[in-house]
Amino acid sequence: MDNNGANGDIVLEISGLQKSFGDYTVLEDIELEISKGETIVLLGKSGTGKSVILQCIIGLLIPTKGTIKVFGEEFTNLPEDKKNLIRRRIGFLFQSGALYDSMTVRQNLEFPVIRQPDYKKSDLTPKVEEALKNVSLSDAVDKMPSELSGGMKKRIALARTLMLDPEIILYDEPTTGLDPVTSNEISHLILEMQKKFNVTSLIVTHDIPCAKLVADRIIVLKEGKITAMGSYDELEKSEDEFVRGFFEFS
Amino acid sequence: MAADTKTSQLQDVKKFRFKFPESVESLFLKVAMLSVFALKCLKGIFRPPFEFVESLKQFYEIGYKSFGLIAITGFIIGLTLTLQSVPTLNKFGAESLVPSMVALAVILEIGPVISSLIFAGKIGSGIGAELGSMKVTEQISAMEVSGTNPFKYLVVTRVIATTLMLPLLVILADSIALFGGFIAVNLTNSTSLELFMINSFSSIDLKDIIPAVVKTFLFGFSIGVVGCYEGYNADRGTESVGIAANTAVVISSLLVILIDMVMVQLTSIIF
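Just so you know, the sequences run in chain order A and B.
In case it helps, our numbering puts the first sequence at residues 7 to 256.
In case it helps, our numbering puts the second sequence at residues 4 to 274.
Chain B with its partners taken away, still in its complex shape (with noise of 0.2 Å):
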């Protein structure tokens, strides 16, 4: 009877056991196996046998390639940027501040926000369709069976990539915007370039600089190991090409906010 009693209280407690909707647990699921991938990446990019030459032609195709989108992208928010700073500032009699606001706020946020968005869009999708490609065509698996490390090869190489050349192409994309606002503030004022960097920089210590730079490093990385994961485990089919690479760039985008507002607050607090 006390065994009955004891079955049935537990078949109530099984009743009402908090259970998680199916998109959750899926949610938790993609979040854990990203987890294991990136792990296995960061492994595999300190474990010898290391793909040299590979690794060259992915930071031309990802660094070298990607210098004019982001540079255009960096000349146009430190116009726009500095255009719209203007009037405002006039209004309060701040027009000397310009120079420092625009690249506070270029070097500190709009920077590296932007152009890693801008380089999840090209890089992310990329790297999600060709590899997602490949996996389809069973390629992946071709080098598989020959004996080989299909994921040294093509995951390692991409993501040492895009985790290395995404902080350049940001550092690259300031300069250009701040030379962008310099332009902007001489279409209605007149001031020398170096007179405008001096007072650009005049309110911007290392203390700045390093915790921006760092978060590109992470946003790369993101970035890569998103894409790589995407393509890597695309299913069979053409069309999963299409959602692997849409799927890459929805995710590294979102990593890349989420990341940022926690290395803000990380920032905040060491510095």
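Here chain A stands alone, though its shape is the one from the complex (with noise of 0.2 Å):
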């Protein structure tokens, strides 16, 4: 795979891609593209706006200039009903995990699926079965998110976003905040779900090890724009002393 990802279907785009508020970029003129399977990790100081991309991919948050192109169609113009739609094929694990604290984890899991205009009764016990089996917490199905630890929460999170069978999954620091076995596992968990479902990942991390163990391409990002791209091995022996700073204490 090249650098640029271009050697297969692409399903996303970002175009000259600017975010500001008020008188702060924060993004600025980032341009990327993200082939069907491929797991992008995107890696930068806190406040560089690595989780801002995400928000603006997603359409939590309106994009200052650029477009955003997921599945080959403007994103960012779409009217809400038609995001929606787009939405229901994108899967976002937020840094917190965001799980619906007045709900049992079944209703957590079973919340986005019962409101899809498709939706089968009779899928949904099985389906929610297997998405906690995917991430080995089937006995946690009547808990309260409440009772969950730390990394429970984010395999749950994980989980609920696997519920839809989404083609692309964004990461919001999927890891941080957790002890490094629990990382460990959560990084492994991942690149299982890569492996079985073949979706394409966007990982915004500041965790080296789960990066080298499942990006394809690492961008590095600076003062919001990208100032590094490529494998995790070339970006490793990179000359610039900023991006070989991230991996020198991995």
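Any given hint might turn out to be false.
Said to hold, decoys possible - Calculated lysine to any residue pairs in the SDA-like style (CA-CA distance at most 20 Å, straight line):
id, chain 1, residue 1, chain 2, residue 2
1, A, K127, B, F53
2, B, K155, A, E136
3, B, K43, A, P85
4, A, K127, B, E54
5, A, K88, B, K46
6, B, K60, A, K126
7, A, K88, B, K43
8, A, K88, B, P52
9, A, K89, B, R50
10, A, K88, B, I207
11, A, K126, B, F55
12, A, K127, B, V56
13, A, K127, B, E57
14, A, K159, A, D129
15, B, K60, A, Q113
16, B, K155, A, Q113
None of these hints come from the bench; they were simulated from the model.
In this text the structure is predicted, and so the values were computed from the model without any measurement.
If you follow the hints, you should be able to join the two separate chains into one complex; please do so.
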């Protein structure tokens, strides 16, 4: 695979993306193409706009400039109902997990599915069981989010993301706040999900072992701009001190 | 030269152009945004898909769970109002008018307004805090990114519940207030419940009751809309949850008083 990821079907295309909050420009001139089945890791210091890219892709933030094409369709200017149709094909894993705290794990998993127009009631229970089995948490089905540990919450959030069979998954710091063992488990889980479901992934993380394990390409952001792009091995040997700095302590 | 004069005049006009203070501008902005939010709610109430199960849950949470508080409030209102009225009316030899006076005061004004203010305190703050907390912990965003409609699920269901439950609670509060009045009368005199109720309703007819009930639908709608608006638009950060809850109570209580004032004027024109 080359550095532009252009040898497969392009599922996500970002062109000239700029995002400003008032006078403060967070992202500037972001150009990125992601092919089907590819896994991209976004690295960068805190506050460089990594999560903002994910939020622009899913439509939680509106870009100041530029275009975002998802599955070949310009996403930014679509009306909300059409955006929702595309969102159903994209999964988003929040840093906090964002589980619905007034619902049990089962209700959390069922919530997005039962609101889809083509949902079948008979498929629901097997689907919940399968999703929980995928994240090795079948026993947690009737627990409340408050009864789960940080790592379990992330797993359940991943299971909820998988309920709609997404073609793209956006991960916002999936291992942040977890101990090294649990972080490693989550990283392997991400890898396993990619192999099993052939999803396209865009992962924001500071976790270099996780990046090494899952990334086809790594993108390094500096002050809101892409400063380097390449495989783990390429960037580890980069001549740019800033880029190399991310890999030195891993 | 003429152009220069015109530019100079324009600058003078701009210089003396009336400008609202920032706080007034933000007030107008808030009113506009609340109105848009309320309209979106109204549309959501009548447009499918409908969240029946969640609506029923909210009827229980908002209506049934407020029953105790509203009942106690109603009883105390009726009791104290009667206890305070009896000596005054006694002075004029109009003790027999106590039931009518209590019923008129409770059904037309005190019952709906006090119950709604109590409801705004309990439910308005609850909704503001709950949705604010969901916003801060990205639960609303999580609903949004899964292609579902959090506005329908969280806002419309709660607004329907407050709009339909408050009138029922007010009717309940009014009934219990009249019973409180009956108890108060019996502390000093003796009368039967039947006679007390007959006297109570002797000076009230349907044209008194209908506007009093209609305005409670508006109170309920405004309490629901304001609570949801404040929670749904809370900023990031835990502090904003408290602010959302607090602002929801302040604005919805103020709106109850304002709507009451407008409805009293309208009622006097129409009936």
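Against the structure, the hints:
1. A/K127 <-> B/F53: Distance of about 17 Å is within 20 Å: holds.
2. B/K155 <-> A/E136: violated (29 Å)
3. B/K43 <-> A/P85: holds (16 Å)
4. A/K127 <-> B/E54: holds (16 Å)
5. A/K88 <-> B/K46: Given that 20 Å is the threshold and the Cα spacing comes to 19 Å, the pair holds.
6. B/K60 <-> A/K126: violated (23 Å)
7. A/K88 <-> B/K43: holds (18 Å)
8. A/K88 <-> B/P52: Judged against 20 Å, a Cα distance of about 16 Å means the pair holds.
9. A/K89 <-> B/R50: With a Cα-Cα distance of about 19 Å, the restraint between A/K89 and B/R50 holds, given a limit of 20 Å.
10. A/K88 <-> B/I207: violated (55 Å)
11. A/K126 <-> B/F55: Between A/K126 and B/F55 the Cα gap is close to 18 Å, so the pair holds against 20 Å.
12. A/K127 <-> B/V56: OK: A/K127 and B/V56 at ~15 Å, within 20 Å.
13. A/K127 <-> B/E57: holds (18 Å)
14. A/K159 <-> A/D129: violated (24 Å)
15. B/K60 <-> A/Q113: The given pair, whose Cα atoms are some 14 Å apart, holds under the 20 Å limit.
16. B/K155 <-> A/Q113: Holds, at about 17 Å.
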